Amino acid sequence: MEVLNNLAFGFEHALTLQNLMFCALGCTVGTLVGLLPGLGPLATISLLLPLTYSIPTGGALIMLAGIYYGAQYGDSVSAITMKIPHASSIVACIDGYQMTLKGKTGLALFTAGVSSFIGGTVAIVVLAWLAPVLGEVAFLFGPADYCALMLVGFVCVSFVTTGSLLNGMAMCLIGVLLGQIGTDVNSGVQRFTMDLPFLADGIGIVSIALGCFGIAEITKNLDNREERSPFNGKIKLMPTWPEFKRIIPSALRGSAVGSFLGILPGGGPVIAQFAAYAIDKKVSKYKDEIGTGCIEGVAGQAAADEAAARTSFIPLMSIGIPENAVMALMMAAFIIKGIQPGPNMIAGHPDLFWGLVASMWIGNVFLLVLNVPLVRYWLSVFKIPYNVLFPCILFFCCIGTYSVNNNLDDIFITAGFGLMGYLMMRLELDASPLMLGFILGPMLEENFRRALLISRGSFSTFITRPISGTLLSLIGLFIAWQLIAFILQSRKKVAPAAEQPA
Amino acid sequence: MKDRNLARGLFLVAISLAFGLTSRNYSIGDFARAGPGLFPAVVSALLFLIGIATVIRSFFVERVPMDVHVKNIAIILGSLCSFALVSLFVNMIAGIVVMVFLSTLAGTSYSWKRNLKISAGLVAMALVFSKGLGLSLPLY
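From first to last, the protein sequence lines are chains A and B.
Our numbering applies: residue 1 is where the first sequence begins, and numbers increase by one.
Our numbering applies: residue 1 is where the second sequence begins, and numbers increase by one.
For reference, chain B alone in the conformation it holds in the complex (with noise of 0.2 Å):
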């Protein structure tokens, strides 16, 4: 994307269209009596409006480029995901351990034996949040 203000523009109108155009499925009723599509309706056509303001005004400004680094954001994301999925289906401690030797993968540098000592800390930290405080997490 070259223009970040003309992608910020696009961004706010696909969010207003997503709400507004799924509103239309609930009944809008009238103003003394409401239903529930009413309010989003009106809400994502003022989103709607703002939208297009900054899609119209980022023709006038000067272009600003974007710069989104895919690949630190995607090991993030995905290394929740695998805790939450591993945690599901194996158990929590599983979890931790993936989560720190996929997340680092996003460092400057990637080391088995800090992995290994970041892990065993966190899952001690995890152990005292369950049996210290009383969180109820599904440890093993």
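Isolated chain A (complex conformation) (with noise of 0.2 Å):
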């Protein structure tokens, strides 16, 4: 009962005239920008995060996260339409594209649709009622704890996102050294600034993001020439009856896998997309349509990526600890409006807080009522030559970057990030893992100054706290069972060398 007394509250808060704005001018630009080729939920969420400078803290959180859902919404359509696979919809290229060829692409683009809205609307539920009691689990976390989290976190992440442990990992560390750039806060002496007046803050998190995602995608993009999309631009959006009925039971399923997946450290939506498709590969009742186009293949993954990105909001919001990239930007959006996401949060802001969550759904709704019938106008965008559109994303990279600080040095900051990024993207490192360390990185040290000297300076503090030591026997765990997995394949290698996966 008070999970719904606490939402008919932030009901009362999201319903305000001016939050609803918000809300739908939130998803509107997010989907738009989020189709862009190149342009994924990061970079649209730091492209468009000065939009919401000027405006009341309420209405800010709410249209930012509105910019997510869009985004992601966004990116969708893109996979679907025009098989561009970014890294937040891999999953969408596969069914949708192959639906797309059929000439389905209406059809793909409302089960995608109607999927997300039945995702979110259960993430939201499990959100509304775990968010705040996971935040009195976080009262009981020390220093210690908090370190050996965050490792977890860096663990899962690097082996979600890019698949091999070392890279991921290596990527963390230098997100953590990035983040030492500035003054330390316990002692006032400047780190790694080179004497350069305007590092003395730090490096922000809107140049990295915008140099390692747009600049980079931009000069990606420019490298290999696109190619045309075979969208034939007519679309049917409503399914018959029969078809309808499909899309439920799978988008069922993706909800439940989503919104699990989404709250554990280093998930999200991309594992939780490939969770659901691989599950309904396994159990639905048209597995074996599924892969040449059909509808459980896009309802059960984009029912789980909205779930997944729903739920993550839990742990940055209950323990104050983003668990991947997309987060960790939220929460640098969240402090730059004054707000420090945790367990305090709640009690501290209910009103943000149960407002926030109930313009979740609202802007489930929008998404459903404005941009599904609405798709066909925005797939104009995909007719902008690539020659028209880079000029006017590198305006944006260079006004979002300045609007932070209203300072100019800061573009030299986002350009240096772009030359890093596309090196770091020609030598197959994944950036989004060195954002999560970027933002993790002073809290890390903090904590980890702390436990020690609560400790005397014993390492013996990380194991013996009951919290920690599980938690870094886990990634204990985990590392041997990558060790051994490693030498047993490069030990099968030797023999046969023919059973590669491809």
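No wet-lab data here; the hints were simulated from the structure.
Everything numeric in this text was worked out from a predicted model, so none of it was measured.
All clues stand as given, with none of them false.
Which residues of chain B face chain A? A partial, calculated answer using Cβ under 8 Å: (1) LEU46; (2) MET66; (3) ILE76; (4) SER79; (5) ALA84; (6) GLY107; (7) ALA126; (8) PHE129.
Each residue gets a CB set at the ideal place from its N, CA and C atoms; glycine is no exception.
Fit chain to chain and form the complex, with the hints in mind.
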């Protein structure tokens, strides 16, 4: 009952005309920018961040969340119609694009929209119920436990997003090191600033995100010339009743999987999509058709995507630790608006917290009633040639970077990270763990120092505390498993080198 | 660069050395009272280990060539920097125009007319941002 009360309280705040407008605006702009080739949710959010600066806090958070969902939906639209494999909607490319080839673009887009709605609704119930509970658990955490939890996050994100523990951990650590640039809070010493005054406050996360995801992606698209979409411009949105019935079970399965995987550290939309797709392939009534462009292949993953996108707010808002790169950026945005996400957020700003939760659902409704019927107009974005598009994206990168501090020096930092992001992309290093490391770096150092201060310099505190001990031994087990798997694999390779997965 | 895996390892080692050697300038302290240099030193040591492991691993796995198109990234970065410089010394409208005309050099075709249209559109957009949304842009 308490949950219902709280939700009602939240809707009271979210349903003001102003907040409704911010929510709709966020969803629409987010979808539009998310559609553009080469711009995933990370780049979209950082590009649009400046739009929220002059808006009151509650509205700004609601709009940001709207931008995030919009960007995700836009992403899946570009995956279905163009097969542009963004990291965030890679699974939608498989069956969605096959449906486009069959001329069923409209049905695929409708399925994605409805399934997202179902997934989002389920996830919000989970969020409203679980976040306050987890928030109380968070008060049991000491500094050593926070350190261990962040390390678990690093390991999971490295493994999930890059598939290679070594590369991912390296990127996390680079992120942590970049987070060290600036003034040390404990001693006041300026670290790694090379005596440049504009580095004294550290590097802005927007510069990193736009450099590594915006600039690097634009250049990548310029390097390999894009192909035309087979999408023929004709869209028949409404499905027939039997088609509609096929959406429901697989969307519900996807929601459950997504809600669960969204909460885990390192989890989030990407892994949830893969899991939901795999489950549908095992248990769906139409499992033989999956992969050739059928409804289930789109519905399950779209629901999981949306559900995980929402439940991944749970660790951020209840423990104060973002679990993936998008949430790290969200956290930065919260802090810019003067809100520290964490266990105190629910108690200290109940209107913001429950308003945000309620607005998530409203955002879902907007996606359904605005974006799905209007999708044919959104798609005209694709008619813009890339030669016109990329100077515009660059312009937004410049404005986005500049408006954070009204400082032109930041644009040079963004350019620097553009170069770094491009190099890393060519070196097959994924930049998302870097973002997480960058946001968690200062927190990790703070808790690391505090834990050692309390234990008088003894590292045993990390092992003897039950929470951190458990988490660290999980990491140990995981690394051991990876090592054994690597050794077994290289032995197998010596014998028959034929059985390599493509 | 012929081998991407080796290049990656060297890249990581270089970053870890850059941070690790600089962190020696700051006091380390001891574990109970950590100085500002301790944590970066620990993290760059870990990164160094990962970099070395990547280098060693690159001798055992197949070589993958690395392709870098210097031209495009140079044009994009150049246009960003000139946007900042022109905005600093002249104003942002000039910066936008310069950026559009420079960056489109990386495109497949180049057209003065099209660039003028893009510039006009973006300047209008910037005006909307500054007047409508209250961003403070030094447009003129």
